[in-house]
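Undergrad: Residue numbers (my numbering), protein chains in the order written: chain A, 18 to 210; chain B, 80 to 181; chain C, 27 to 118.
In short, the hints are calculated from the structure, not lab data.
Careful, some of the hints might be misleading.
[To be verified] Straight line, CA to CA, 20 Å or less: simulated SDA-like cross-link-like pairs of lysine to any residue:
1. LYS127(B) x LYS101(B)
2. LYS163(A) x ASP74(C)
3. LYS127(B) x SER95(B)
4. LYS126(B) x GLU179(B)
5. LYS101(B) x PRO98(A)
6. LYS82(B) x ALA137(A)
7. LYS127(B) x PRO80(C)
8. LYS134(A) x ARG165(B)
9. LYS39(A) x GLY167(B)
10. LYS127(B) x MET97(A)
11. LYS101(B) x VAL20(A)
12. LYS126(B) x ALA148(A)
13. LYS37(C) x LEU107(C)
14. LYS101(B) x ALA100(C)
15. LYS101(B) x LEU147(B)
16. LYS101(B) x TYR146(B)
17. LYS37(C) x GLY57(C)
18. LYS127(B) x LYS37(C)
19. LYS126(B) x ARG192(A)
20. LYS85(A) x ASP74(A)
21. LYS39(A) x LYS101(B)
22. LYS85(A) x MET97(A)
23. LYS101(B) x VAL109(A)
24. LYS82(B) x SER95(B)
25. LYS127(B) x HIS113(C)
26. LYS127(B) x THR54(A)
27. LYS126(B) x ALA137(A)
28. LYS96(B) x GLY167(B)
29. LYS134(A) x LYS126(B)
30. LYS134(A) x LYS85(A)
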Amino acid sequence: MNVTEADALRLLAAVRRLLDEKGIVSSAEVEARMAATDAASPGQGATMVARAWVDPDYRALMLEDGTKAAEEMGIMMRGMPPLGVLENTADVHHLVVCTLCSCYPRAVLGYPPFWYKSAAFRARAVRDPRALLAAEWRTVIADTVKVRVVDSTADYRWMVLPMRPAGTEGWDEVRLAAIVREGDMIGVTVPAV
Amino acid sequence: MDKEVLRAHHDLGGVSKFMCEKVDIEPHGLTAFDREVDALRQMLAAKKLMSVDELRRGIEAIPEEAYLRLGYYQRWIRSITDHLLRSGVISEAELRAVLEAA
Amino acid sequence: MFAAGETVRVKDAWPEAAGPVHIRTPHYVRGVTGEVVRRLGAFANPEDLAFGRPAERIALYHVRFQKGAIWPEAKPDDELLIEIFEHWLERP
């Protein structure tokens, strides 16, 4: 049997042990990295969206240079792939997918959701986005709005800047960020009050 | 020429046989296994032992049946192991020895 | 070198047929004509990085396609926006 076909859990344990024994990657390093990765969450992206909703200069920065905009919110971007931000408008709704694997704006949203990595999402998002969004997320995009699907095929990572919903007039950034969900920044849902 | 026939099996955009497949939108939290594999890959990248491109290539080399059946991080650990063996960071003999001892 | 607004065609090439490769140009867009939105920068060629080979930096473009040019079923005016490396693009 090909050794890489061994049970995945056993394979991981064996590889970790060998790398640790050889002083290549220590157990402590893996643990530390896990903790650091766990700390990233969609809440980070939500703070960017909320700020863009109240501050036109920040919105402009976010659209011009997503990486710099993330750094301004205290998000560590050194060594991370460049971040691109897609602005939803009254005319265009964006949906992000990686049909080839699972490229995701992890630096600002954390781990990708299970469904984002699925064959069904990767296949359907590019070809039938409206039916997909309606059927699985009950998100209906009006006929007058164009759907633009962004396939993350190379070095950039993409997030959506959704439109600010009605009924949020006068809200501060903290309150606004609280209504921005992970799905809103991928484009499968839109923020609502 | 039918693009679906010519494509590599990981190249899934618009592929007809998935168009009626339901997307499971349940949250499905990550297991300890998932998080460890993810962290391990990041460490290998940080130490320039494996690039994300090499990871992807190794995943794409998994035969179609297994590719579609295996869980996401199960594909990763296969690719990582294959790469470490190919690049000589670990040997097959010592890997088998550790697997047998466990 | 392509300019924003320029019409480009993705090469109808299938390197997968010749042996193990790592290609980041999705199958569904090969041979399809679209429009350059902007140049995103220049990045090391993943086709070589994937095999540990020295990789040249190649210009990367964001290219927009009409959905109808790929899947004529529902909503042909919807769009796809895809990052494509320069060596995969040609003038139609």
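Undergrad: Hint by hint, note whether the structure agrees.
TA: Each hint tested on the structure:
1. With a C-alpha separation of about 38 Å, the suggested pair LYS127(B) and LYS101(B) falls outside the 20 Å cut-off, and the hint is violated.
2. Between LYS163(A) and ASP74(C) the alpha-carbon distance is near 36 Å, which puts this suggested pair outside the 20 Å criterion.
3. Only pairs whose Cα atoms come within 20 Å are accepted, and LYS127(B) paired with SER95(B) is rejected, the gap being roughly 38 Å.
4. Taking the CA atoms of LYS126(B) and GLU179(B), the gap is about 28 Å. The hint is violated against a cut of 20 Å.
5. A threshold of 20 Å between alpha carbons decides the hint, and for LYS101(B) with PRO98(A) the separation of about 31 Å lies outside it, so the pair is violated.
6. Pair hint LYS82(B) plus ALA137(A) holds up; C-alpha atoms about 18 Å apart against a cutoff of 20 Å.
7. The hinted pair formed by LYS127(B) and PRO80(C) meets the criterion: a straight-line CA distance of about 14 Å does not exceed 20 Å.
8. With a C-alpha separation of about 27 Å, the suggested pairing of LYS134(A) with ARG165(B) is violated against the 20 Å cut-off.
9. A C-alpha spacing of about 12 Å is found between LYS39(A) and GLY167(B), which places the hinted pair at or below 20 Å, so the restraint holds.
10. Between LYS127(B) and MET97(A), the direct Cα distance comes to roughly 14 Å. Compliance with the 20 Å bound is thereby established for this hinted pair.
11. For the given pair, LYS101(B) sits about 34 Å from VAL20(A) by alpha-carbon distance, which is inconsistent with the 20 Å threshold.
12. For a cut-off of 20 Å, the pair hint linking LYS126(B) to ALA148(A) is broken: about 43 Å separates their Cα positions.
13. Between LYS37(C) and LEU107(C) the alpha-carbon distance is near 16 Å, which keeps this suggested pair within the 20 Å criterion.
14. Taking the CA atoms of LYS101(B) and ALA100(C), the gap is about 19 Å. The hint holds against a cut of 20 Å.
15. Taking the CA atoms of LYS101(B) and LEU147(B), the gap is about 15 Å. The hint holds against a cut of 20 Å.
16. Distance check on the hinted pair: LYS101(B) and TYR146(B) sit about 18 Å apart at the alpha-carbon level, within 20 Å; holds.
17. Distance restraint check for LYS37(C) and GLY57(C): the Cα-Cα separation of roughly 5 Å lies within the 20 Å cut-off, and the hinted pair is therefore satisfied.
18. For a cut-off of 20 Å, the pair hint linking LYS127(B) to LYS37(C) is broken: about 33 Å separates their Cα positions.
19. In summary, the hint linking LYS126(B) to ARG192(A) is not supported, as the alpha carbons are separated by about 40 Å, beyond the 20 Å threshold.
20. Our distance criterion of 20 Å between C-alpha atoms is met by LYS85(A) and ASP74(A), whose separation comes to about 13 Å.
21. Only pairs whose Cα atoms come within 20 Å are accepted, and LYS39(A) paired with LYS101(B) is rejected, the gap being roughly 45 Å.
22. Restraint check for LYS85(A) and MET97(A): satisfied, since their Cα atoms lie roughly 12 Å apart, inside the 20 Å limit.
23. At most 20 Å may separate the alpha-carbon atoms for a hinted pair to count; LYS101(B) and VAL109(A) exceed this at roughly 25 Å.
24. About 11 Å separates the Cα atoms of LYS82(B) and SER95(B), which keeps this hinted pair within 20 Å; it holds.
25. Simply put, LYS127(B) and HIS113(C) have alpha-carbon atoms about 27 Å apart, too far for the 20 Å limit, and the pair is violated.
26. Taken as a hint, the LYS127(B) and THR54(A) pair is honoured in the structure, with Cα atoms around 19 Å apart against an allowance of 20 Å.
27. Between LYS126(B) and ALA137(A), the direct Cα distance comes to roughly 34 Å. Violation of the 20 Å bound is thereby established for this hinted pair.
28. This hinted pair does not check out: LYS96(B) and GLY167(B) have alpha carbons roughly 39 Å apart, beyond 20 Å.
29. Restraint check for LYS134(A) and LYS126(B): the C-alpha separation of about 26 Å exceeds 20 Å, so the hint is violated.
30. A C-alpha spacing of about 27 Å is found between LYS134(A) and LYS85(A), which places the hinted pair above 20 Å, so the restraint is violated.
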